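Protein chains in written order, with the numbering used here: chain A, 114 to 315; chain B, 14 to 127; chain C, 400 to 610.
Any given hint could turn out to be false.
Sample of chain C residues at the chain A side, in silico, Cβ under 10 Å [what the hints assert, rightly or not]:
1. Y430
2. L449
3. D464
4. I481
5. I488
6. A494
7. R496
8. D504
9. H517
10. D538
11. S549
12. T553
13. E582
14. S587
Derived by calculation from the structure, the hints in this document are not laboratory data. Just so it is clear, the structure is predicted and the values come from calculations on it, not from any experiment. All C-beta atoms in this analysis are idealised placements derived from N, C-alpha and C, irrespective of residue type, glycine included.
In case you want the letters, here they are:
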Amino acid sequence: MESDVAPGDTPTRRVSRTSANDRLSDAADATLASRAADGDVAAFEVLARRHGPLMRVFAAKLLGSDIESDDVVQEAFLTGWRRLDELDDPARVRNWLMRIVSNRAIDRLRVRRVHEDIADWDPAAPPSQDPSRIVETQLQLDAVWVALDKLPTIQRRCWLLRETAGFSYSEIAEALDLTPATVRGLLARSRKFLLNELEAWR
Amino acid sequence: MIDDRALARALTDAVLATPGIVAVFPVKPILHAASEGIANALDLDEPEVLVDVDRSDSLLTVTAHVATTSDCSTPEVLGRAAEALRAVAELEGVEPAGSIVVFVKARLIADPEA
Amino acid sequence: MTDPRDHAAPPGDAAPVEMIDGHSVDELDAYLAAGRTPYDPAIENSAACLLYLSALARLRERSWDALTHEAENTPDRDELWITGLLDTIRDEVRAGRDIPLHHPDPAIRLTLTEAAVHGLIRAAADALDGVLLSRTVLDGDITQPGAPISLTLTAAIEYGFTVVDRAELLRATVQSALTQHTELAVTSVDVIIEDVYLGRDAAAPGGEAAS
Chain A
114 MESDVAPGDT PTRRVSRTSA NDRLSDAADA TLASRAADGD VAAFEVLARR
164 HGPLMRVFAA KLLGSDIESD DVVQEAFLTG WRRLDELDDP ARVRNWLMRI
214 VSNRAIDRLR VRRVHEDIAD WDPAAPPSQD PSRIVETQLQ LDAVWVALDK
264 LPTIQRRCWL LRETAGFSYS EIAEALDLTP ATVRGLLARS RKFLLNELEA
314 WR
Chain B
14 MIDDRALARA LTDAVLATPG IVAVFPVKPI LHAASEGIAN ALDLDEPEVL
64 VDVDRSDSLL TVTAHVATTS DCSTPEVLGR AAEALRAVAE LEGVEPAGSI
114 VVFVKARLIA DPEA
Chain C
400 MTDPRDHAAP PGDAAPVEMI DGHSVDELDA YLAAGRTPYD PAIENSAACL
450 LYLSALARLR ERSWDALTHE AENTPDRDEL WITGLLDTIR DEVRAGRDIP
500 LHHPDPAIRL TLTEAAVHGL IRAAADALDG VLLSRTVLDG DITQPGAPIS
550 LTLTAAIEYG FTVVDRAELL RATVQSALTQ HTELAVTSVD VIIEDVYLGR
600 DAAAPGGEAA S
């Protein structure tokens, strides 16, 4: 094999020589998604590590269950891997995965609706109790969770699907078996409530 | 003549002994190739019989899926592996008038350091 | 007042439409979600609307920040599902098409999977400094011996390297790997440089001073 740096091939500026592993870890989502679509497991691993934690927290909030969220996220990434050739814009891989996570979580909610009494779906996931969270910079973030947890479950789900996963009203309606008008009403209520709690809006 | 299971085992040994072959993947199930790194490929819980042997009438079909190392020419390595497989099959497994077809497929060309 | 969680909003009980300076909050929400385009002067010139929009934008940002922050604070739970995921997908790598290799004996059939060739190209590219390969496209009927194949490589170049040098080095390295390991009749290798990235040293604070 020829050497990777031939004589005379020295770059004109200082060489930083970022290793192949570091290059992949630092790579843009679009690059990673393109490589993954070509079968690169290592690139997909970087995507899973980069975005998995957020997806898991999101799924936990949507489901109201910390335990199921791991399964949902794992299933969603597996689905994502299998459907990478359907991803039109690799730069938007995070949104695309977020949608798959949402859909997976919704599937679970549907199953629960069949098996459980509608009256007590689930309590909201409690905020983490890690003491390190309770420091001043956390207060604002905690306030968000406190406010979200005060919302009725159905409103919280609508809000998360709309604001975090970018679902349209009709997509939320379909996902949660509601009419678009109901979704509109629920979102209006949750928006008003959250604005009031967090932004002191009226 | 030995039975097909023993033959498959002997064939697996032969292909693994071929210079430039760094791993053998089970042929069945088909989707069982590792794409990244030999260590992972070998981590599969290893059934010792990886090369597939199939008989119909007097035709013996031998199929092997392998990983080669990128510091040797893959076509040459596959050719040597196929010839080694056929030599073992002729010696051990085929009836005098029978014929043999050998399929060898590279599913991974691995970095020698990996 | 009861805990709001206890009373799920009945569908018929829609909240009265809240208006801000002649615009419904729904309309303002949709306007914000659309990235404030197309530009609506009636909204953009209303102080009340702008206040509402900024409160809503802040709210969105805060709920997003809360998610990312919580995600960052629980990293150690990931190893398990990621390991499980990787074990599964490693077994699911699509082999792709079979690429034939010539052997003089017709009773010997040699092939290479498309996935193996993609992996070969990535490994060759990753061995180079200053280049990060993204997409690899093999165009042509790779299942037919001798069919003309054109290869397109899309890559990013590390800041500080000369684009033309890297592109040429990538092209030559990949071509040589293909010549060594395949019998594809590669008639052209196009390299598209679509991005520049900062290397680790350059990205670090005071990177220029680091050795």
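How the hints compare with the structure:
no.: 1; hint: Y430; in the structure: 13 Å, violated
no.: 2; hint: L449; in the structure: 13 Å, violated
no.: 3; hint: D464; in the structure: 6 Å, holds
no.: 4; hint: I481; in the structure: 5 Å, holds
no.: 5; hint: I488; in the structure: 5 Å, holds
no.: 6; hint: A494; in the structure: 9 Å, holds
no.: 7; hint: R496; in the structure: 12 Å, violated
no.: 8; hint: D504; in the structure: 30 Å, violated
no.: 9; hint: H517; in the structure: 5 Å, holds
no.: 10; hint: D538; in the structure: 14 Å, violated
no.: 11; hint: S549; in the structure: 16 Å, violated
no.: 12; hint: T553; in the structure: 7 Å, holds
no.: 13; hint: E582; in the structure: 19 Å, violated
no.: 14; hint: S587; in the structure: 19 Å, violated
The structure fails hints 1, 2, 7, 8, 10, 11, 13 and 14 (numbered hints given earlier, in ascending order).
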